[in-house]
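Okay, here's what each chain looks like letter by letter:
2 protein chains.
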Amino acid sequence: MMNNIKVERLLVNYKTLEMFKRFKEYGNQELSMLEDLESNIIENDSESPFFGIYYGNALVARMSLYKVSAKYDQYFNPPQDYLELWKLEVLPDYQGRGYGSALVKFAKEFQLPIKTNPRINSQTFWEKMGFQKAKYNMERDLGENPLIWTPKGVAEQSVS
Amino acid sequence: MMNNIKVERLLVNYKTLEMFKRFKEYGNQELSMLEDLESNIIENDSESPFFGIYYGNALVARMSLYKVSAKYDQYFNPPQDYLELWKLEVLPDYQGRGYGSALVKFAKEFQLPIKTNPRINSQTFWEKMGFQKAKYNMERDLGENPLIWTPKGVAEQSVS
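In the order they appear, the protein sequences are chains A and S.
With full-length UniProt numbering applied, the first sequence has no gaps in its numbers, which climb one by one up to 160 at the end.
With full-length UniProt numbering applied, the second sequence has no gaps in its numbers, which climb one by one up to 160 at the end.
Hints were generated in silico from the structure; no laboratory data involved.
Don't take every hint at face value.
[Stated by the list, open to error] Only pairs whose alpha carbons sit at most 30 Å apart, straight line, appear in this in silico DSSO-like list of lysine-lysine:
| # | chain 1 | residue 1 | chain 2 | residue 2 |
| --- | --- | --- | --- | --- |
| 1 | S | K71 | S | K21 |
| 2 | A | K133 | S | K24 |
| 3 | A | K24 | S | K24 |
| 4 | S | K108 | S | K21 |
| 5 | S | K133 | A | K24 |
| 6 | A | K67 | S | K71 |
| 7 | S | K67 | A | K71 |
| 8 | A | K133 | S | K67 |
| 9 | S | K67 | A | K67 |
| 10 | S | K108 | S | K67 |
| 11 | S | K152 | A | K135 |
| 12 | S | K21 | A | K24 |
| 13 | A | K15 | S | K15 |
| 14 | A | K71 | S | K71 |
| 15 | A | K24 | S | K128 |
| 16 | A | K135 | S | K71 |
| 17 | A | K133 | A | K6 |
| 18 | S | K67 | S | K21 |
| 19 | S | K21 | A | K133 |
| 20 | A | K135 | A | K21 |
| 21 | S | K152 | A | K21 |
| 22 | A | K135 | S | K67 |
| 23 | S | K105 | A | K67 |
| 24 | S | K135 | A | K71 |
| 25 | S | K135 | A | K21 |
| 26 | S | K105 | S | K21 |
| 27 | A | K133 | S | K71 |
| 28 | S | K128 | A | K21 |
| 29 | S | K24 | A | K128 |
| 30 | A | K67 | S | K133 |
[Said to hold, decoys possible] Some residues of chain A that are not near chain S, with every Cβ distance over 12 Å (derived):
| # | residue |
| --- | --- |
| 31 | T16 |
| 32 | P49 |
| 33 | Y54 |
Ideal placement from N, C-alpha and C gives every residue a C-beta, glycine not left out.
Starting from the given sequences, assemble the full structure and let the hints guide the process.
Following this line, the structure appears as structure tokens:
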């Protein structure tokens, strides 16, 4: 079944933004994209940091991915470019079909370390995907519960 | 009624950590405090970044506060020390009694700007407390929905 799942980069347009409203984690990022589109600060159909999965014409799963530059890396050793992953979400009616896993697998294919700060209670999913808790460091993590995944040869940065 | 509410700094000890388990946002931070206590990395009854309100002997509300140094300030103008506030939470049976407001008022009394990244759907509360949305900047905010409060004479930093 997983073979039929296609992950694609989402374009910023009114249709995408309308579909985003069905997701729980609709917030400042989406509102800001809408404002930028309305005021022509960004072009229609420009690339967004979101990737998603369609079921027919409906967007049913999505995540946001952003490459953080090595100079800001506080998580991995050696310090390097890594991916921040957020807003991984599958609409309730479409859960349990492997869409969440397909998105995470897609992110791993960039072969960069990944950091995410998932909602509490999704621990089991992330463990299954090979993520582990980063050692908590208050100055860096504040209220976050960061989880990390590392490709071969990459270790966690030690924190004081 | 607000006059009877006393906000106090919480000490790290087994009793506090046991009471933290009643809060929804129990995560890496609390687990890390417990490990540090068990392995004597931190002393019993040392100061924590948490402030809370007791009702009798029970901790019924809490928040975490941390002063971020001016050199890391990406939110305020002029750049300055500010407070990051997180895990503001009142136990369900004690909501609607002004405990949340009392905690935020306490934080404001330091007369430093405040930044928080609240859960979605708490918008009304934060507006009532004088907070406003920071202009979203993806590289800085990633998946966050930052809200800020500024004392007189402090403005928001403009972002590109």
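So, going through the hints one by one against the coordinates:
no.	hint	verdict
1	K71/S - K21/S	violated (34 Å)
2	K133/A - K24/S	holds (18 Å)
3	K24/A - K24/S	holds (18 Å)
4	K108/S - K21/S	holds (27 Å)
5	K133/S - K24/A	holds (18 Å)
6	K67/A - K71/S	holds (23 Å)
7	K67/S - K71/A	holds (23 Å)
8	K133/A - K67/S	holds (24 Å)
9	K67/S - K67/A	holds (27 Å)
10	K108/S - K67/S	holds (12 Å)
11	K152/S - K135/A	violated (38 Å)
12	K21/S - K24/A	holds (25 Å)
13	K15/A - K15/S	violated (52 Å)
14	K71/A - K71/S	holds (16 Å)
15	K24/A - K128/S	holds (23 Å)
16	K135/A - K71/S	holds (24 Å)
17	K133/A - K6/A	holds (29 Å)
18	K67/S - K21/S	holds (25 Å)
19	K21/S - K133/A	holds (19 Å)
20	K135/A - K21/A	violated (34 Å)
21	K152/S - K21/A	violated (36 Å)
22	K135/A - K67/S	holds (21 Å)
23	K105/S - K67/A	violated (37 Å)
24	K135/S - K71/A	holds (24 Å)
25	K135/S - K21/A	holds (20 Å)
26	K105/S - K21/S	holds (25 Å)
27	K133/A - K71/S	holds (28 Å)
28	K128/S - K21/A	holds (25 Å)
29	K24/S - K128/A	holds (23 Å)
30	K67/A - K133/S	holds (24 Å)
31	T16	holds (16 Å)
32	P49	violated (7 Å)
33	Y54	holds (22 Å)
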